[in-house]
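Novice: As given, the protein sequences belong to chains B and Y, one line each in that order. Position one of the first sequence corresponds to residue 1 (the working numbering), numbered consecutively onward. Position one of the second sequence corresponds to residue 1001 (the working numbering), numbered consecutively onward.
Accuracy of the hints is not assured; some may be wrong.
Listed next, with one range per pair, are the computed distances between beta-carbon atoms [as the list claims (entries may be wrong)]: (1) B:Gln167 - Y:Ser1002: 22 to 32 Å; (2) Y:Pro1042 - B:Leu321: 25 to 35 Å; (3) Y:Asn1242 - B:Val129: 47 to 57 Å; (4) Y:Val1272 - B:Asn173: 50 to 60 Å; (5) Y:Leu1003 - B:Leu102: 51 to 61 Å; (6) B:His156 - Y:Leu1041: 20 to 30 Å; (7) B:Leu48 - Y:Ala1224: 27 to 37 Å.
Bear in mind the hints are in silico, worked out from the structure with no lab data behind them. The structure displayed is predicted, hence computed values, not measured ones. Note that the Cβ used here is the ideal one computed from N, Cα and C, for glycine as well.
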Amino acid sequence: MAQVTTSRDPREFISASRSKILSSMATGDRIFAFITRACAYGVFVLLLGIMISLIMGAWPAIKTFGLEFLITRRWAPQLDEPILGALAPIYGTLLTSFIAMLIAVPFGLGIAVFLTELCPIPLRRPIRVAVELLAGVPSIIYGMWGFFVLGPFLVHYVEPPIVWAVQDIPVLNIIFGAEMISNISLFNASLVLAIMILPFVTAIAVDVFSIVPPVLKESAYGIGCTTWEVVTNVVVPYARVGLVGGVMLALGRALGETMAVTYIIGNSFKIDGSIFSPGTTISAAIASEFAESSDLHRSALMYLGLILFILTFLVLAAARLMLMRLEKRAGA
Amino acid sequence: MSLYASRRRSNFTAMTLCLIATGIGIIWLFLILFSLILNGLPHLSFSTFVEMTPPPGETGGGLANSIFGTLLMTFLGVGVGAPIGVMAGTYLAEYGRYSKATPAIRFINDILLSAPSIIIGLFIYGLVVLPMKNFSALAGALALAVIVIPIVVRTTEDMLLLVPNTLREAASSMGLPRSHVVWHVAYRAARAGILTGILLGVARIAGETAPLLFTAFSNNFWSASLLKPIASLPTTINSFINTPDANMKELAWTGALIVTLAVLGLNIAARVLGVAKKQQ
């Protein structure tokens, strides 16, 4: 058998198919890189899209009410010429979030201290999971549970004694005063919010505490500090930036929470200084009124949404910047 | 000696308070589960899963259309959101690891991760519902997809960053193109972590109500059309819990029990998967 059939050099054949494969691989690589980059920039586009669609939806209301919207107390969409102001929902949003933080932060920090300093190691994970699973419960469940279970309990056993105890003390009798105690109130909404954000505060606090170098803690224990002294003098100062960041992250969640609050807060647009009376938040107002609204009313709700988005954006941005600062230090 | 005693005392007080805080912290989960089981379990039966939502004034009925709607929109939402999220996470960790845009995109993604879900609902309302002039399952699924994306981006990036660079270098040194390195080496090493992220995304959107209120809306009848309003468990709970009708209220509690158990189950599954990966 003479080699008459192969007039071409086999090496030529191999190199041709090789370059073909290589170029197809290079093309595939370019396409894949392009897709991933497009998706990544898509995240950026998403944020822009949300901003633009909110501004467009809110535009009629922005034109009509301008910035006065922010300080107008009245909310009267039923009038022929509706008067709509965001002060009551902004007040409710800030107040409920503030009370929720006031309750959740000490508890979250306490749990974090317990988990990082006291808890026997085998128990750490189960306890942490039990707290963090709270974050998985859908918010509507918190809403109905708060309304049907927690609310009645508070109304019967917790709130009447408080109202009674402070009725003659000035200032306090306004804050804790109530004409009628019901399971629809700013305070109940705040408490449910506090339970909802507790897992966020706890998770971040545990993470931040565990960044503290053991050597620092050990040297403090070595000179005879008690656990509590180690926590207040070593752990907390070291982790301060991260803690503030974590707290603000939880605040961002609390500000925008919708379904948990909507049932309990009553969607009433008033500001009377009492935490036991009904109120509303931005998200509760949108959730309960958007479906039945039209024209200017709907646009005003979009305007509320825009305010909420900007508010949470600022809080979350500040939180992330602080957490990034801590990460940099931990990495260094 | 008295100084020492007072230091011991304040330490004891503080640590006791921490212990109490932990006790109070873990009790909520059990209290919530307890009331869900108390109110929801007695009415849970086979018919809950096969019968339609009842009109007011009737007895019986189930949640079949709502369960189907939730499954459909969750599936579609993850189907759309997860690939985009994985791709974007891949860019942040692989191709664009040292690009100047990466920290900015990561920052924005972290903000979207915690953005109020009702705002996402408003966004999709303006983007999809208004131009199409009606509420639809498609709009609901897209709203859920928008919520899934940042979650998956974050976990994918984190998991890919954990893959040792030596693996990538070994693959590259054999002449593999970058995309093959990502697909066959990085993805394979980070698979469990990426799956955990997707599962967490499913768990998050399965119970979402706020973004569906003005996108998918609600529907009392069976609908499998993507272009029509569709019922979902959370929105059905939302509309049934506030009715005076006892039967509908019971169904709302049953639905709440189903949704909570499903979501918690997914959360636990994601955790187990994450732990299995860590121990390897």
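Novice: Compare the structure with each hint and give your call.
Specialist: Evaluation of the provided hints:
{"no.": "1", "hint": "B:Gln167 - Y:Ser1002: 22 to 32 Å", "in the structure": "violated (42 Å)"}
{"no.": "2", "hint": "Y:Pro1042 - B:Leu321: 25 to 35 Å", "in the structure": "violated (50 Å)"}
{"no.": "3", "hint": "Y:Asn1242 - B:Val129: 47 to 57 Å", "in the structure": "violated (33 Å)"}
{"no.": "4", "hint": "Y:Val1272 - B:Asn173: 50 to 60 Å", "in the structure": "holds (52 Å)"}
{"no.": "5", "hint": "Y:Leu1003 - B:Leu102: 51 to 61 Å", "in the structure": "violated (33 Å)"}
{"no.": "6", "hint": "B:His156 - Y:Leu1041: 20 to 30 Å", "in the structure": "holds (25 Å)"}
{"no.": "7", "hint": "B:Leu48 - Y:Ala1224: 27 to 37 Å", "in the structure": "holds (34 Å)"}
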